[in-house]
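Enquirer: Given the coordinates of chain A, assemble chain B onto it according to the supplied hints.
There are 2 protein chains.
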Amino acid sequence: MITEMALDLKVNGDRLLSWLVDLAKIGARDDGACCRLALTDEDRAGRDWVAQRMRELGLQVQIDAIGNMFGVRAGRDRTLAPVMTGSHIDTVRSGGAYDGNLGVLGGLEVVATLNETNLSTARDVVVAVFTNEEGARFAPDMMGSLVYVGGMTLDEALLTNAIDGAVLGEELQRIGYAGDMPLGWYQPHAFVELHIEQGPVLDMEGIRIGAVHNLQGISWQEVVVTGQSNHAGTTPMRLRRDAGYAACAIATFVRDLAKDMGGDQVATVGKIDLKPNLINVIASKALLTVDLRNTDEALLKQAERLFSAFLAQLREEEGVDIQTRPLARFEPVQFDLTLAKRIEDNAKALGLSYRPMTSGAGHDAQMLARICPSAMIFVPSVDGISHNPAEHTKADDLVAGTNVLLHTLWQLSNQEA
Amino acid sequence: MITEMALDLKVNGDRLLSWLVDLAKIGARDDGACCRLALTDEDRAGRDWVAQRMRELGLQVQIDAIGNMFGVRAGRDRTLAPVMTGSHIDTVRSGGAYDGNLGVLGGLEVVATLNETNLSTARDVVVAVFTNEEGARFAPDMMGSLVYVGGMTLDEALLTNAIDGAVLGEELQRIGYAGDMPLGWYQPHAFVELHIEQGPVLDMEGIRIGAVHNLQGISWQEVVVTGQSNHAGTTPMRLRRDAGYAACAIATFVRDLAKDMGGDQVATVGKIDLKPNLINVIASKALLTVDLRNTDEALLKQAERLFSAFLAQLREEEGVDIQTRPLARFEPVQFDLTLAKRIEDNAKALGLSYRPMTSGAGHDAQMLARICPSAMIFVPSVDGISHNPAEHTKADDLVAGTNVLLHTLWQLSNQEA
Numbered sequence: 001m002i003t004e005m006a007l008d009l010k011v012n013g014d015r016l017l018s019w020l021v022d023l024a025k026i027g028a029r030d031d032g033a034c035c036r037l038a039l040t041d042e043d044r045a046g047r048d049w050v051a052q053r054m055r056e057l058g059l060q061v062q063i064d065a066i067g068n069m070f071g072v073r074a075g076r077d078r079t080l081a082p083v084m085t086g087s088h089i090d091t092v093r094s095g096g097a098y099d100g101n102l103g104v105l106g107g108l109e110v111v112a113t114l115n116e117t118n119l120s121t122a123r124d125v126v127v128a129v130f131t132n133e134e135g136a137r138f139a140p141d142m143m144g145s146l147v148y149v150g151g152m153t154l155d156e157a158l159l160t161n162a163i164d165g166a167v168l169g170e171e172l173q174r175i176g177y178a179g180d181m182p183l184g185w186y187q188p189h190a191f192v193e194l195h196i197e198q199g200p201v202l203d204m205e206g207i208r209i210g211a212v213h214n215l216q217g218i219s220w221q222e223v224v225v226t227g228q229s230n231h232a233g234t235t236p237m238r239l240r241r242d243a244g245y246a247a248c249a250i251a252t253f254v255r256d257l258a259k260d261m262g263g264d265q266v267a268t269v270g271k272i273d274l275k276p277n278l279i280n281v282i283a284s285k286a287l288l289t290v291d292l293r294n295t296d297e298a299l300l301k302q303a304e305r306l307f308s309a310f311l312a313q314l315r316e317e318e319g320v321d322i323q324t325r326p327l328a329r330f331e332p333v334q335f336d337l338t339l340a341k342r343i344e345d346n347a348k349a350l351g352l353s354y355r356p357m358t359s360g361a362g363h364d365a366q367m368l369a370r371i372c373p374s375a376m377i378f379v380p381s382v383d384g385i386s387h388n389p390a391e392h393t394k395a396d397d398l399v400a401g402t403n404v405l406l407h408t409l410w411q412l413s414n415q416e417a
Numbered sequence: 001m002i003t004e005m006a007l008d009l010k011v012n013g014d015r016l017l018s019w020l021v022d023l024a025k026i027g028a029r030d031d032g033a034c035c036r037l038a039l040t041d042e043d044r045a046g047r048d049w050v051a052q053r054m055r056e057l058g059l060q061v062q063i064d065a066i067g068n069m070f071g072v073r074a075g076r077d078r079t080l081a082p083v084m085t086g087s088h089i090d091t092v093r094s095g096g097a098y099d100g101n102l103g104v105l106g107g108l109e110v111v112a113t114l115n116e117t118n119l120s121t122a123r124d125v126v127v128a129v130f131t132n133e134e135g136a137r138f139a140p141d142m143m144g145s146l147v148y149v150g151g152m153t154l155d156e157a158l159l160t161n162a163i164d165g166a167v168l169g170e171e172l173q174r175i176g177y178a179g180d181m182p183l184g185w186y187q188p189h190a191f192v193e194l195h196i197e198q199g200p201v202l203d204m205e206g207i208r209i210g211a212v213h214n215l216q217g218i219s220w221q222e223v224v225v226t227g228q229s230n231h232a233g234t235t236p237m238r239l240r241r242d243a244g245y246a247a248c249a250i251a252t253f254v255r256d257l258a259k260d261m262g263g264d265q266v267a268t269v270g271k272i273d274l275k276p277n278l279i280n281v282i283a284s285k286a287l288l289t290v291d292l293r294n295t296d297e298a299l300l301k302q303a304e305r306l307f308s309a310f311l312a313q314l315r316e317e318e319g320v321d322i323q324t325r326p327l328a329r330f331e332p333v334q335f336d337l338t339l340a341k342r343i344e345d346n347a348k349a350l351g352l353s354y355r356p357m358t359s360g361a362g363h364d365a366q367m368l369a370r371i372c373p374s375a376m377i378f379v380p381s382v383d384g385i386s387h388n389p390a391e392h393t394k395a396d397d398l399v400a401g402t403n404v405l406l407h408t409l410w411q412l413s414n415q416e417a
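Chains as they are written, first to last, in my numbering: chain A, 1 to 417; chain B, 1 to 417.
This is chain A alone, in the form it adopts within the complex (with noise of 0.2 angstroms):
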């Protein structure tokens, strides 16, 4: 066995495409979309291929109580923590070919690299599938990792309900995935996850690596406006309680809010709904939604208080009723910045453009961050599209991606202590 890898060692860029290909036929829709929702038979069909891949790569497959699969390539001192990488297989209803299967993937490729190349590393490397990460059939998402890492007790996660009516623990015995590793065991040395941007930063940049160093808050509410209903013609500005107006006034100001706390802060109202929605009748009442985003917990706060000051006035001013109603809240994570930095290091040690950057979307990688070193690498996604059949990433960025994967988890896995 070799002990010491050539920096222009590369994986095989054909091979992963052709895995990607083939795992994207696994749920393939008319419309050119993957459906692959989580514990389906369409799962099962795509768990038992990355399965069968992880055997003829010579990987022990384990499967825990959840459902996580973890492929495992034995280093040469089993006494020291493993090095993790790896995502998710599961989509939402109107998938891509990448988003989660890259990390999943890319990560064989890397064993198969090593492999071929006949390379030995100090600590094992596993290669992980975390169950239903995407939370389209079951809530929450990032359920797999979450349960691993502690966050969720593994019945309360049997005992959820399908939006189709299953009961996850039962799907799970269905379609053969309820495995008998105890959770959590485990106890990575550092996870590093090969993800698609899914945001437009990389491709408008024209920049090829993204090396995650944090992850978004998120701060989701419903707001219910109402107003009165009136004629559009015959009430004079004065005496209207516009709940039309109130929606939109809260919109604009989330984006000046946005605009003015700059950095990382996001802000976005991307559902109004109007009753009774007609040219001239001014609205009784609006429903809508605002999602705000920051990688610092202290500005995600105040952003709230901001809102909230906000919808106090307006409530004043435009005569409204205003209720709120929280719908998901999430702290930002950081990720191990040593990590990220080797990231960068080993993207501009192989020739691509890199920058560290924020993501915006959850991650599996987030609840490994719980419990261990952890980072994430971002390639492009052409027009930042994904969750739609358009979601594309060209494939010299894939190949890049895992090349950055391989160089880094090589060290990791070598790394005494």
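Since the hints were made in silico from the structure, they are not lab data. There are no misleading hints in this set.
Treat identical chains as interchangeable: a pair holds within one or across any two.
Distance condition first, Cα-Cα at most 30 angstroms in a straight line; then the derived DSBU-like pairs of lysine-lysine: (1) K394 <-> K285; (2) K259 <-> K285; (3) K348 <-> K10; (4) K285 <-> K275; (5) K25 <-> K275; (6) K259 <-> K341; (7) K271 <-> K259; (8) K285 <-> K271; (9) K259 <-> K301; (10) K275 <-> K394; (11) K394 <-> K348; (12) K394 <-> K10; (13) K25 <-> K394; (14) K341 <-> K10.
Expert: Frame of chain A, contents of chain B only:
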């Protein structure tokens, strides 16, 4: 016959109210709404009932080619132009008991009062019922009066298709109201229409009579904004092309526009539809409507120009495409100020509070204003509600408005020139 009216002569409020109740029973729905869409069986039943009342009052009933009904009380000098009053009895799908009906039944109550007190007038008094004022089944609205004054050809009107597919001319024949009186037969000396305000001004201010001086011009536009759908978490603010934000910026702009212009300018965005309308997706598309109204055509044009300039700026700033489509455009209508002043004088003489006002809704009187001095008497709408089963005007106000109509018609019908 008596030719002098005492100032303290009043209409019979009980009779007026019972007529309003009886007419509202025709087309009544379980939810309390009244549904007599133009030229339906319910409209026919309402027309038959009104024609029967006219005949009982000794009026000559005439029907013209577009189905307008005229109940004629002969004056002493048939060579003089008649004084006309009236309104409509068709309703919207979920209508109230007073919109239109009050103008017709108030006119008949005036005739009944003249009859009972044996009062004769120099000129004929004509109570008109105009076809399809609401436009809820056949577009455009105010069709009967529009055709009457020559603003639309009879042929065009008869070929109009209903939202249910029926053809207007065939429906008119079917219900037996395709009459033989030539269009525009009566060239009135004056036209006065009694109507509920359909807005909150009189009710909020506690004023009982509105003397309508003018009617707003209307500019309706549909606006379609096309941006770029993207992830609400991963898309930095500076890279967004947010159709939802643009729609809301338009809505808050028109609110500011109306406030800045002041005067009679009103502006409403009552309808907004976002796509995909999801909490965590920046909207790719927004369809909204903009309703601008002013009593002054030059100011209304100014509002349209400022709006258009804002869209150009927004296109640039947000990087979105914005298309507009005119849905309706009517110039403001000026009523006869001498006649409006007469209405105010009569309200004052009857001890009723009054104010000059603007109509924000369209009415048959605006069509009649093209061929003769015209004005309107408004009575309060509780909370400004109309086109709704909750439409309500206090009994005292219904009667007070009819008393103003009585004295106004009396004076006009005895004018020598």
